[in-house]
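Trainee: For reference, the chains in residue letters:
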Amino acid sequence: DSGVTQTPKHLITATGQRVTLRCSPRSGDLSVYWYQQSLDQGLQFLIQYYNGEERAKGNILERFSAQQFPDLHSELNLSSLELGDSALYFCASSRGAITVHEQYFGPGTRLTVT
Amino acid sequence: TQLLEQSPQFLSIQEGENLTVYCNSSSVFSSLQWYRQEPGEGPVLLVTVVTGGEVKKLKRLTFQFGDARKDSSLHITAAQPGDTGLYLCAGGRGSQGNLIFGKGTKLSVKP
Numbered sequence: 001d002s003g004v005t006q007t008p009k010h011l012i013t014a015t016g017q018r019v020t021l022r023c024s025p026r027s028g029d030l031s032v033y034w035y036q037q038s039l040d041q042g043l044q045f046l047i048q049y050y051n052g053e054e055r056a057k058g059n060i061l062e063r064f065s066a067q068q069f070p071d072l073h074s075e076l077n078l079s080s081l082e083l084g085d086s087a088l089y090f091c092a093s094s095r096g097a098i099t100v101h102e103q104y105f106g107p108g109t110r111l112t113v114t
Numbered sequence: 001t002q003l004l005e006q007s008p009q010f011l012s013i014q015e016g017e018n019l020t021v022y023c024n025s026s027s028v029f030s031s032l033q034w035y036r037q038e039p040g041e042g043p044v045l046l047v048t049v050v051t052g053g054e055v056k057k058l059k060r061l062t063f064q065f066g067d068a069r070k071d072s073s074l075h076i077t078a079a080q081p082g083d084t085g086l087y088l089c090a091g092g093r094g095s096q097g098n099l100i101f102g103k104g105t106k107l108s109v110k111p
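So the sequence lines, in the order shown, correspond to chains U and A.
Heads up, the first sequence is in my numbering, so the first residue is 1 and it goes up one at a time.
Heads up, the second sequence is in my numbering, so the first residue is 1 and it goes up one at a time.
Wrong hints could be hidden among the right ones.
[What the hints assert, rightly or not] Lysine to any residue pairs mimicking SDA-like chemistry, simulated, CA-CA at most 20 Å apart:
no., chain 1, residue 1, chain 2, residue 2
1, A, K103, U, L39
2, A, K106, A, L61
3, A, K70, U, E102
4, A, K103, U, S86
5, A, K57, U, E102
6, A, K106, U, Q17
The set of hints was computed from the structure by calculation and includes no laboratory data.
Same shape as in the complex, but just chain U (with noise of 0.2 Å):
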């Protein structure tokens, strides 16, 4: 158990919808990255979140959106949903801002849109 937790576990939902995931990230890390892994791409990061701040953007789509709240848990927000946007969502955490601190992934959000 790596201490992150994510929902839901799975999601599916149709063309054209508004769908948020949730995490939380480990007790003492201010960190949150978002990472979509789909079959061809690999993992792709999307959007690092520290402290509340936005710090750093991926291939992130418009239609996709993020915040970190003052509890530092934070949501994502998919919306206008494609079917090739049905990919595993990974929220990962670490302790500071840069990569030489270690970041920790939660079990993931599947979501399926049909």
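Guided by the hints, dock chain A onto chain U, whose structure is given.
Mentor: Quick look at chain A alone, frame taken from chain U:
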């Protein structure tokens, strides 16, 4: 363009054999992390290496970071069925927070 290339993509061996998987790049990384992932679960951190030439051992697993910090290897001695999984390397760069992942090596150890 994949910044981190892992090889081989697939590896199927018998219990007791030794194996090495590789993670290569033309770019320099400030740190390199190895993860193991099982189907439908999150990656589990195995080790972090930060110094060129660094070698770390974790029981039967030996990790090495290249002198130029562009490549890394993972060697498993006397593999066991419990070692089965997807092994991912991930590189970190300086002041950036996100990791850049390779596509992984899928290892299957048969009893």
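Trainee: So, against the hints stated earlier in the document, which numbers end up violated here?
Mentor: Failing hint: just 6.
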